[in-house]
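Residue numbers (this note's numbering), protein chains in the order written: chain A, 1 to 260; chain B, 261 to 520; chain C, 521 to 842; chain D, 843 to 1164.
Keep in mind that the hints were calculated from the coordinates and are not lab data. Incorrect hints may have been included.
To list a few chain B residues with every Cβ distance to chain D over 10 angstroms, as calculated [as the list claims (entries may be wrong)]:
| # | residue |
| --- | --- |
| 1 | Arg283 |
| 2 | Gly368 |
| 3 | Ile391 |
| 4 | Arg418 |
| 5 | Val420 |
| 6 | Asp433 |
| 7 | Trp449 |
| 8 | Leu472 |
| 9 | Asp483 |
| 10 | Phe487 |
| 11 | Leu495 |
| 12 | Gln502 |
| 13 | Glu504 |
| 14 | Arg516 |
| 15 | Leu517 |
For lysine-lysine, the following PhoX-like pairs were computed, each having C-alpha atoms within a straight-line distance of at most 20 angstroms [what the hints assert, rightly or not]:
| # | chain 1 | residue 1 | chain 2 | residue 2 |
| --- | --- | --- | --- | --- |
| 16 | B | Lys388 | C | Lys733 |
| 17 | C | Lys733 | C | Lys546 |
| 18 | B | Lys388 | C | Lys627 |
| 19 | C | Lys546 | C | Lys797 |
| 20 | D | Lys1137 | D | Lys1126 |
| 21 | C | Lys635 | C | Lys804 |
| 22 | A | Lys128 | A | Lys162 |
| 23 | C | Lys611 | C | Lys627 |
| 24 | D | Lys1056 | B | Lys312 |
| 25 | D | Lys1055 | D | Lys868 |
| 26 | C | Lys734 | A | Lys52 |
| 27 | D | Lys957 | D | Lys1126 |
| 28 | B | Lys312 | D | Lys868 |
| 29 | B | Lys388 | C | Lys611 |
| 30 | D | Lys957 | A | Lys128 |
| 31 | A | Lys128 | D | Lys868 |
| 32 | D | Lys1119 | D | Lys949 |
| 33 | C | Lys804 | C | Lys611 |
| 34 | D | Lys1126 | D | Lys949 |
| 35 | B | Lys327 | B | Lys312 |
| 36 | C | Lys815 | C | Lys797 |
| 37 | C | Lys627 | C | Lys797 |
| 38 | B | Lys422 | B | Lys388 |
| 39 | D | Lys957 | D | Lys1119 |
| 40 | D | Lys933 | A | Lys128 |
Fair warning: this is a prediction, and the values are worked out from it, not measured in the lab. Virtual Cβ for every residue (Gly too), placed ideally from N, Cα, C.
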Amino acid sequence: MTEHAPTSTVYTASELIAIMAGRLLTDGQIVFAGVGIPLLAATLAQRVFAPKLTILFEGGVIGPFIKPGELPPSTNEQRCTRRANMVLPSTDVLLLLQRGYVDVGFMGGAQIDRYGNLNSSFIGPADKPAIRLPGTGGGNDISSLTDMIVAMKHEKRRFVEKVDFVTSPGWLDGDDSRRRRGLPTGGMWRVVTDLAVMGFDAQTREMEVLALHPGVTFEQVQDNTGFTLRRARELSVTTPPQAEELALIRELDPGRLYTA
Amino acid sequence: MTEHAPTSTVYTASELIAIMAGRLLTDGQIVFAGVGIPLLAATLAQRVFAPKLTILFEGGVIGPFIKPGELPPSTNEQRCTRRANMVLPSTDVLLLLQRGYVDVGFMGGAQIDRYGNLNSSFIGPADKPAIRLPGTGGGNDISSLTDMIVAMKHEKRRFVEKVDFVTSPGWLDGDDSRRRRGLPTGGMWRVVTDLAVMGFDAQTREMEVLALHPGVTFEQVQDNTGFTLRRARELSVTTPPQAEELALIRELDPGRLYTA
Amino acid sequence: MSGPLVKDYETLRREIAARDRGLREKVMSLDEAAQLVADGDHVAIGGCTLSRTPMAMIWSLIRARRTGLTVSRSITSTEGDLIFASGLGRKIVSSWFSQGIVWGISKVMRHHVEKGLAEFDEWSHMAMGLRYRAGGMGIPFMPVRSMIGSDVGRIRADEVRPMRCPFTGEELLAVPALNPDVALLHVQRADAYGNAQLDGLQFMDIDIAMAAKKVILTTERIVSNDQIRRAPDHTRIPFFTVEAVVEVPYGSAPHECYGQYEPIFAQLDRYAALTAKDPIGGVKQYLDEMVYGPKDWAGYLAEVGLETLLTASRRGRVIYND
Amino acid sequence: MSGPLVKDYETLRREIAARDRGLREKVMSLDEAAQLVADGDHVAIGGCTLSRTPMAMIWSLIRARRTGLTVSRSITSTEGDLIFASGLGRKIVSSWFSQGIVWGISKVMRHHVEKGLAEFDEWSHMAMGLRYRAGGMGIPFMPVRSMIGSDVGRIRADEVRPMRCPFTGEELLAVPALNPDVALLHVQRADAYGNAQLDGLQFMDIDIAMAAKKVILTTERIVSNDQIRRAPDHTRIPFFTVEAVVEVPYGSAPHECYGQYEPIFAQLDRYAALTAKDPIGGVKQYLDEMVYGPKDWAGYLAEVGLETLLTASRRGRVIYND
Chain A
1 MTEHAPTSTV YTASELIAIM AGRLLTDGQI VFAGVGIPLL AATLAQRVFA
51 PKLTILFEGG VIGPFIKPGE LPPSTNEQRC TRRANMVLPS TDVLLLLQRG
101 YVDVGFMGGA QIDRYGNLNS SFIGPADKPA IRLPGTGGGN DISSLTDMIV
151 AMKHEKRRFV EKVDFVTSPG WLDGDDSRRR RGLPTGGMWR VVTDLAVMGF
201 DAQTREMEVL ALHPGVTFEQ VQDNTGFTLR RARELSVTTP PQAEELALIR
251 ELDPGRLYTA
Chain B
261 MTEHAPTSTV YTASELIAIM AGRLLTDGQI VFAGVGIPLL AATLAQRVFA
311 PKLTILFEGG VIGPFIKPGE LPPSTNEQRC TRRANMVLPS TDVLLLLQRG
361 YVDVGFMGGA QIDRYGNLNS SFIGPADKPA IRLPGTGGGN DISSLTDMIV
411 AMKHEKRRFV EKVDFVTSPG WLDGDDSRRR RGLPTGGMWR VVTDLAVMGF
461 DAQTREMEVL ALHPGVTFEQ VQDNTGFTLR RARELSVTTP PQAEELALIR
511 ELDPGRLYTA
Chain C
521 MSGPLVKDYE TLRREIAARD RGLREKVMSL DEAAQLVADG DHVAIGGCTL
571 SRTPMAMIWS LIRARRTGLT VSRSITSTEG DLIFASGLGR KIVSSWFSQG
621 IVWGISKVMR HHVEKGLAEF DEWSHMAMGL RYRAGGMGIP FMPVRSMIGS
671 DVGRIRADEV RPMRCPFTGE ELLAVPALNP DVALLHVQRA DAYGNAQLDG
721 LQFMDIDIAM AAKKVILTTE RIVSNDQIRR APDHTRIPFF TVEAVVEVPY
771 GSAPHECYGQ YEPIFAQLDR YAALTAKDPI GGVKQYLDEM VYGPKDWAGY
821 LAEVGLETLL TASRRGRVIY ND
Chain D
843 MSGPLVKDYE TLRREIAARD RGLREKVMSL DEAAQLVADG DHVAIGGCTL
893 SRTPMAMIWS LIRARRTGLT VSRSITSTEG DLIFASGLGR KIVSSWFSQG
943 IVWGISKVMR HHVEKGLAEF DEWSHMAMGL RYRAGGMGIP FMPVRSMIGS
993 DVGRIRADEV RPMRCPFTGE ELLAVPALNP DVALLHVQRA DAYGNAQLDG
1043 LQFMDIDIAM AAKKVILTTE RIVSNDQIRR APDHTRIPFF TVEAVVEVPY
1093 GSAPHECYGQ YEPIFAQLDR YAALTAKDPI GGVKQYLDEM VYGPKDWAGY
1143 LAEVGLETLL TASRRGRVIY ND
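Chain A on its own, in the form it takes in the complex (with noise of 0.2 angstroms):
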């Protein structure tokens, strides 16, 4: 696990990336959020400057505030459910995702490519599949109709040209390809890595280096991506981990479950 120390604090990449990505959530929004890194995010930032962001649950959940020290093994638990305002069935909770009242969908990846196209299916050819990944679950539902914060870890085989298979449609070949292929709506927005946060060109849809996190330079992570990163014109470094942030997702996560 790499540690950095910009400041007095030393810290996890994981909780680096969930730190970083919870500021990128906006008070009363509406996020669609998956079990681990972005349950933590999202948890953050209700804390400390969101009060009124409203989390769902594929499990069927909407508003809950989890607690302390009992994360849930997948958002299909009731430990997903303490203190929510509404239960539903899972189906109809992702039906929000279609109606249109969800602002982020909000979920880790394992293998993103320059349009950020989403794979968690299938490396090498799905009839022939060196890995059988465990697959979608509501990632290509949530990508495909809402826009899209991603957190992962930042390797090179992580960050390739191509997937080997777009579970979770970002931009698809670039361009207005999305839009084009039939979903009008949504897109990725944000990749937030132990690196740096990362966006899509307006036009292009390649993507592009917003912001390093402290300490780190653009060609580290040039270094650690599978193709060639666009470099925002202004070139922005993020504050590093408060010591109250960090805190925070330590009372979450005592147990390091997903934070180690």
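Starting from the structure of chain A, add chains B, C and D where the hints point.
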């Protein structure tokens, strides 16, 4: 109100219809019942010989037991839910018809024709009606999707050659027209009046008198009908209302809300 | 409803995206809530026949002199008469329209429809439900197997589409999604954010809430968000669909509210008697005395009478005595 | 599933019409219920991931040596490994398949799928839900706006149909109705007729119950019909869909049952450890020790251990302590 006195007992036309209609049900059936006579008839059957009969109401109710003296004003009030097995959205109880869970639809009728089509929408042309009737409610859904029993008064103005408007489809224009026009299931099965019990010819789908109530002649039925009726090869006579049946009907509707 | 029969998807998405869907308090008065409805809106009404009709809200819209609404509901009862007679709406989209089977055909409805003063567009009950459901699911139509072959489908020919199943080739009817501008719903309890819990019969309320651009919620009582969170699997309407929460005890009187009060039959009989002899004069008299006359909703309830309300309440609670 | 992708309507109607849908008692043992499943059936499994999985029923089917099932579920966890490894099923239709995110990718699933020994047909989570929902509604397809443009739709090209909305002309995807031969569902309580009440997370269970030709219900406890009738608005599955009611305490162990017990993590960790070093040997050992070995379900629970069960129960009830 016509009163018959074939045995020692006196009863109203509505009581006669309810009793005769109730006898057409079979134990274990699932019956989608309208308010009024259909509800009384189904409850009577449940109490007398069909304890495993299940009543459905359009308001979203499965398997209620109506409390004597507390008949509901429609199938959409809480009185319909007394001791029900399940309450569900009205769209979903109607979908049980489409899924195929309902054996019999059971309703009243304002106007019926030779092929068992019912009108509860317009007297006169639909674009300039002489009388705007209340409309279909669930009638169109029920009669499109399951076998039907209709209970109504036998009057010439109600039994017409052709209804002004097909609200609830019977056999449409007879023969296989119902199937040809896109309704492969269900159809009008029995019409119960204060004079007789009618069915429909298996081939032509014309209305046919199957049984006469005690003391009624075929000619009397024909005289009260606006089209030529078929007569079953073996025309039978129904058993008069029994004291037990009348007592139960009066216990259920002591105020004679629906059986005056 | 102005515009096309079915709203295109990007318009629907923009409408929802434009709303503040954060967890915020929305408690207001009937008068304030009435300001959220614009003349000409398509307004969907929850409940069914004599049940959980959002009467106080309709009453408030009539008093606010709103006009030209298109109104839709599963089954329409006395509120439909008042909507036509007051000029609040000139078109009602519904499966059935009259006070209730025991009172016979509505003479007020007949007068308006037969004279061409207003429209009653008839759909089957299930089709109404599936139109709201499609709207709530974010799809533009729903396939259905009724309204086929009959005149109910024929007179809606401009608004339905015969279609074949792309898998089986079977004949089906596509009914168009219905996405009302506003939904009026009355519930037993909700919190200040608009999380609503419904007891007993639900009718089409959940689908209507999801289909509408926004929901105006009237509620017998406002409870704490903590109480809602103690039983989240009883919440039926999520707060982010809701724009207004109005606490109105007896808010569906003279209709019933499940487990709270039965229909106020004395009032319904009185209305039926008034309109039986002179439909137009009768409904005008009723509007003057019971809608325009009272100072506020409490004034209306005072006209209904305390003893009558207590009787209806006693009967309403009976459902939980077994 | 044998036969066409979507059953034609008249076949569906005949299947339901042929069943005895009267209000009758259906209580039986796990062994008896297993006889209601035929080799080759399409079996839908309720719950999701580690929640309300009808584990005792699956366990019973494996012991009864059923084979060749096609199994569908929203999200598949350890039960999928057991289904493949035991030969109970050779095809799983689901949106996700692995024990759970914290344990990594299932090596048992990988072995079977990568070696071509079994199939995992992937659909999006919402599409799975809408396939069951269409089946439950008695319509042959549902239009959906996901699985479009991506490879998830492309590899299902034989089983989906691109279509245009007959109203708006928009591009949509039609997903086929799924009407399983049998549904296995586990609930907190049901009566002897099969009226089931679910607490908390419902997942797709209601749609699955309505879509299936018949339901086998396992329940933590059987309650009186009187108790069900006291709160009919809590009933989620109507009795007439159900063919068998089996009372099985801890019937979804080692997975959780909402409000009753949390997942039995010790067991899940043990299974993960067993299959991590040797997927096939490990799952075989687990099957021998925990499925084929015990005399009955109580014997299985004894293997899990009383203290472990009590801990899981204490944690499960916590949800109602707030």
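Consistency of the hints with the structure:
1. Arg283: The claim stands: Arg283/B keeps its Cβ more than 10 angstroms from every Cβ of chain D (closest is about 18 angstroms).
2. Gly368: holds, 25 angstroms
3. Ile391: With a cut-off of 10 angstroms, Ile391/B remains clear of chain D, as the shortest Cβ separation is near 33 angstroms.
4. Arg418: The claim holds: Arg418/B sits with its nearest Cβ about 31 angstroms from chain D, beyond 10 angstroms.
5. Val420: Holds: least Cβ distance 31 angstroms, greater than 10 angstroms.
6. Asp433: With a cut-off of 10 angstroms, Asp433/B remains clear of chain D, as the shortest Cβ separation is near 21 angstroms.
7. Trp449: Since the minimum Cβ distance to chain D is about 14 angstroms, Trp449/B lies beyond 10 angstroms and the statement holds.
8. Leu472: holds, 31 angstroms
9. Asp483: It holds; Asp483/B is separated from chain D by about 38 angstroms at its closest Cβ, greater than 10 angstroms.
10. Phe487: Phe487/B clear of chain D: closest Cβ-Cβ about 31 angstroms, beyond 10 angstroms.
11. Leu495: holds, 30 angstroms
12. Gln502: holds, 24 angstroms
13. Glu504: Glu504/B is indeed farther than 10 angstroms from all Cβ atoms of chain D, at 22 angstroms.
14. Arg516: holds, 28 angstroms
15. Leu517: holds, 24 angstroms
16. Lys388/B - Lys733/C: Violated, at roughly 34 angstroms.
17. Lys733/C - Lys546/C: holds, 16 angstroms
18. Lys388/B - Lys627/C: holds, 16 angstroms
19. Lys546/C - Lys797/C: Status violated; Cα separation ~44 angstroms.
20. Lys1137/D - Lys1126/D: holds, 18 angstroms
21. Lys635/C - Lys804/C: Between Lys635/C and Lys804/C the Cα gap is close to 17 angstroms, so the pair holds against 20 angstroms.
22. Lys128/A - Lys162/A: holds, 18 angstroms
23. Lys611/C - Lys627/C: Roughly 16 angstroms separates the two Cα atoms, so the pair holds.
24. Lys1056/D - Lys312/B: Holds - the C-alpha atoms of Lys312/B and Lys1056/D are around 19 angstroms apart, at most 20 angstroms.
25. Lys1055/D - Lys868/D: holds, 16 angstroms
26. Lys734/C - Lys52/A: Answer holds: Lys734/C to Lys52/A is near 19 angstroms, not above 20 angstroms.
27. Lys957/D - Lys1126/D: holds, 17 angstroms
28. Lys312/B - Lys868/D: Judged against 20 angstroms, a Cα distance of about 13 angstroms means the pair holds.
29. Lys388/B - Lys611/C: holds, 16 angstroms
30. Lys957/D - Lys128/A: holds, 9 angstroms
31. Lys128/A - Lys868/D: Violated, at roughly 45 angstroms.
32. Lys1119/D - Lys949/D: holds, 9 angstroms
33. Lys804/C - Lys611/C: Since the Cα atoms of Lys804/C and Lys611/C sit roughly 19 angstroms apart, the hinted pair holds (cutoff 20 angstroms).
34. Lys1126/D - Lys949/D: The given pair, whose Cα atoms are some 13 angstroms apart, holds under the 20 angstroms limit.
35. Lys327/B - Lys312/B: holds, 17 angstroms
36. Lys815/C - Lys797/C: This hinted pair is violated, its Cα atoms lying about 28 angstroms apart.
37. Lys627/C - Lys797/C: holds, 9 angstroms
38. Lys422/B - Lys388/B: holds, 18 angstroms
39. Lys957/D - Lys1119/D: holds, 18 angstroms
40. Lys933/D - Lys128/A: holds, 16 angstroms
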